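Asker: Sequence:
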Amino acid sequence: MIREFTILEIRLLLEATTWTVLLSLIAFAGGGLVGAIVTLMRISRQAVIRRIAQVYILLFQGTPLLMQLFLVYFGLALYGYSVHPMVAAAIALTCYSSAFFAEIWRGTIETIPRPQWEGSASLGLTRSEQLRYVIIPQSIRLALPPTVGFAVQIIKNTSVTSLIGFTELTRSGQLINNVTFEPFLVFGCVAAIYFALCFPLSALSRYLERKLHVPR
2 MIREFTILEI
12 RLLLEATTWT
22 VLLSLIAFAG
32 GGLVGAIVTL
42 MRISRQAVIR
52 RIAQVYILLF
62 QGTPLLMQLF
72 LVYFGLALYG
82 YSVHPMVAAA
92 IALTCYSSAF
102 FAEIWRGTIE
112 TIPRPQWEGS
122 ASLGLTRSEQ
132 LRYVIIPQSI
142 RLALPPTVGF
152 AVQIIKNTSV
162 TSLIGFTELT
172 RSGQLINNVT
182 FEPFLVFGCV
192 AAIYFALCFP
202 LSALSRYLER
212 KLHVPR
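Residue numbering for the sequence shown follows my numbering, beginning at 2 and increasing consecutively.
Since the hints were made in silico from the structure, they are not lab data.
These numbers come from a predicted model, not from an experiment.
Hints are all accurate, no fakes.
Estimated spans, in silico, between C-beta atoms of each pair:
(1) R52 x L124: 28 to 36 Å
(2) P65 x L26: 17 to 25 Å
(3) K157 x G81: 32 to 40 Å
(4) P184 x R46: 49 to 57 Å
(5) R128 x Y208: 27 to 35 Å
(6) A192 x T127: 46 to 54 Å
A virtual CB, placed ideally from N, CA and C, is assigned to each residue, including glycine.
With the hints as constraints, model all of the structure from the sequences given.
Answerer: If you want it as structure tokens, here you go:
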């Protein structure tokens with residue numbers, strides 16, 4: 002039965018938006034935590050640890066997010082592990098985002114001038130103390146704009162989770178379109194909501210870049 006696009010459908014889209022935001026926050030937090038660990042591995046003095054981190058980054062940056070999502074959701078099911086779409090989406094997005102966060106943060110750490118390392122070492126600081134008190138505080142200023150900017154990519158990438166049945170914003174739009182047959186109206190509203198979520202973060206990233214005088 003075909004029905005009209007009403008305020009009820011808008012309400013359904015807004016409810017689905019909360020799931021998009023929740024999944025984005027989980028991916029951002031989980032990706033940040035795992036990304037921090039991979040970053041430390043990437044700058045380790047041990048070649049084997051650096052290599053493991055590099056392979057991890059290459060693996061998740063060099064393969065499509067959709068494939069990673071399918072591997073988690075359908076792959077685990079082949080071995081008898083039934084994974085809820087929300088859990089599968091969170092795992093895939095966390096791994097995907099952590100690889101990009103690790104490269105962003107490694108890059109900012111490596112931009113810190115070498116004399117900063119040498120000066121802190123001359124004060125008798127261990128490597129962990131150098132990172133904690135000297136290097137990381139300086140690199141945070143450089144890392145903030147691209148980190149905030151990548152949050153936009155996380156929000157947009159949540160749309161692929163609709164392909165495993167997770168009812169986020171895009172999936173909700175598909176379901177509503179199936180009963181209203183108003184694709185321009187429905188997906189126009191979906192696009193407007195995505196824009197409302199992403200534009201403030203993009204503007205914040207540009208503002209931080211100017212405010213913190215991050216070199217281009």
